[in-house]
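Q: Now for the letters of each chain:
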Amino acid sequence: MTTHYLVLSALLFAIGGVGVLVRRNAIVVFMCVELMLNACNLAFVTFARQNGNLDGQLIAFFVMIVAAAEVVIGLAIIVTIFRTRRSASVDDVSLLKY
Amino acid sequence: MGESITFWVLAVVSVIAALGLVFSRRAVYSALMLGVVMLSLAVLYAVQDAPFLAAVQIIVYTGAVMMLFLFVLMLVGVDSSDSLVETIRGQRFWAIVGGLGFAVLLAAGIGNAVVGAPRGLTAATQAGNVPSLAELIFTRHVFAFEVTSALLITAALGAMVLAHRERSEPKPTQKDLSRQRFVAFGRTGKNPAPLPGPGTYARHNAIDMPALLPDGSVSPLSVNRYIARYEESQGILPPEVARVLEQEEAAQRANGHSTPTVADEARDGGPDTEPMAEEGPVEEGVVAGRVVSARADARSEEDGK
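Chains as they are written, first to last, in the working numbering: chain U, 1170 to 1267; chain C, 192 to 496.
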């Protein structure tokens, strides 16, 4: 049964990765990153159960904390960029290239 | 048995929702799909002896993070959908190929790994899930836990600093706004008073109900043009409203100079309201565009007739 959970987690992670590569809207890219973090959490919880050790659940807990902080900052950055550029597309923010 | 049923149902639901998250055109649908994935993952945590994490998942992710996402979506514009133009050629194709390859690789790796029967958490959580987790957090990992508090405070401060905006000009006071209204009145004859209310004897205050003037006639200022156009196309426009609109149009044609309507107001905006328009939210521009286009449609229809 554990394998199934791990495969599900791998699938969700891959879907999230595709989303990050394919989508242009910065907010949706962010959601896909969240999806990848969630997939990792599922893997951690599964490993905790597999190994009979609570450390996996603990790490998943910390990942959630970091993800919450990351969402706050990321969305603040998106709002700031939107204010100056009137766009939430990741393609429009390419000035650092030049 | 119960676990495998739960797993298969939720696995299918969460994978479909994740695909929907990636491939739906509208950002709001993506957000809803993400909510579905998070909720099903919460149930999967609960099934896997992690009730605390299930609760945290629901509270933090579906509660706080999703709300943040939705708020920002509403701020940035719900209608913002992706452009279909690829900046890098073949990016979409190769991204999907890469994703599929990655999924197959991971799945094959996991499938090949020798995974024995799960040991279960009964031995590790003899005191119960939450007390055991608490013991770990506050003994072995107490330093990491303290550091996360610093992280959260930094994040909150950072969000405030990033989202804060200094005003470049003083906020217009009520006096300034009133002066602007009367300057506009002197320049274009725009009515400086607020739009008429439903009236003392009104039996409705819905937006499609025109306000009645003291003599019982309909005030043209209170007629919502969108609704009037819709009702006209449906043939359910009340006759008194139609009469008032016709009168107004005739008057407009007669003196060539239209009485300022909402659309005109939105279109020229007035030089004195410029700084405000710049300050105001995005919707203003969008609404103005819509109103103008609606008026243009009306005009072209008239020409067609």
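Don't read these hints as lab results, they were simulated from the structure. Please note that the accuracy of each hint is not assured.
Pairwise CB distance ranges (calculated) [to be verified]: (1) C:Asn-446 - U:Arg-1252: 34 to 44 Å; (2) C:Gly-349 - U:Gly-1221: 51 to 61 Å; (3) C:Gln-438 - U:Val-1262: 44 to 54 Å; (4) U:Val-1235 - C:Val-200: 42 to 52 Å; (5) U:Asp-1224 - C:Thr-345: 20 to 30 Å; (6) U:Asp-1224 - C:Pro-363: 23 to 33 Å; (7) C:Thr-330 - U:Val-1232: 34 to 44 Å; (8) C:Thr-313 - U:Asp-1260: 46 to 56 Å.
Residues from chain C shown here face chain U by an in silico Cβ test under 10 Å; the list is partial [what the hints assert, rightly or not]: (9) Trp-199; (10) Val-206; (11) Gln-239; (12) Ala-308; (13) Asn-320; (14) Met-400; (15) Ala-402.
Treat the numbers as computed from the prediction; the structure is a model and nothing was measured. Cβ atoms here follow ideal geometry from the backbone N, Cα and C, with glycine treated the same way.
Q: Now tell me if each hint is right for this structure.
A: Results for each hint:
A beta carbon spacing of about 43 Å between Asn-446 of chain C and Arg-1252 of chain U agrees with the range 34 to 44 Å that was offered as a hint. For the pair Gly-349 of chain C and Gly-1221 of chain U, the supplied restraint of 51 to 61 Å is violated, since their beta-carbon distance comes to about 39 Å. Remark: the range hint 44 to 54 Å for Gln-438 of chain C to Val-1262 of chain U is upheld by a beta-carbon distance near 53 Å. Look at Val-1235 of chain U against Val-200 of chain C: about 30 Å separates their beta carbons, and that is not inside 42 to 52 Å.
For Asp-1224 of chain U and Thr-345 of chain C, the Cβ-Cβ distance of about 25 Å falls inside the hinted range of 20 to 30 Å, so the restraint holds. The beta-carbon spacing between Asp-1224 of chain U and Pro-363 of chain C, approximately 58 Å, falls outside the hinted interval of 23 to 33 Å. Between Thr-330 of chain C and Val-1232 of chain U the Cβ separation comes to about 20 Å, which falls outside the hinted range of 34 to 44 Å. Here the CB-CB span from Thr-313 of chain C to Asp-1260 of chain U is close to 52 Å, well matched to the stated 46 to 56 Å.
For Trp-199 of chain C, the shortest C-beta to C-beta distance to chain U is roughly 8 Å, which falls under 10 Å, so the interface hint holds. For Val-206 of chain C, the suggested interface contact is upheld, since its CB lies about 6 Å from the closest CB of chain U, less than 10 Å. A hinted interface residue such as Gln-239 of chain C counts as satisfied when its beta carbon comes closer than 10 Å to some beta carbon of chain U; here the least separation is about 5 Å, so the hint holds. Annotation: Ala-308 of chain C was flagged as interfacial toward chain U, and the flag holds, the nearest CB pair being 8 Å apart, inside 10 Å.
Checking Asn-320 of chain C against chain U: minimum C-beta separation of about 8 Å stays under 10 Å; hint holds. For Met-400 of chain C, the interface hint is violated, since its Cβ never comes within 10 Å of a Cβ in chain U; the closest pair sits about 37 Å apart. Against a cut-off of 10 Å between C-beta atoms, the interface hint on Ala-402 of chain C is violated, since the closest Cβ of chain U lies about 36 Å away.
The structure fails to meet hints 2, 4, 6, 7, 14, 15 from the earlier list, while all remaining hints are met.
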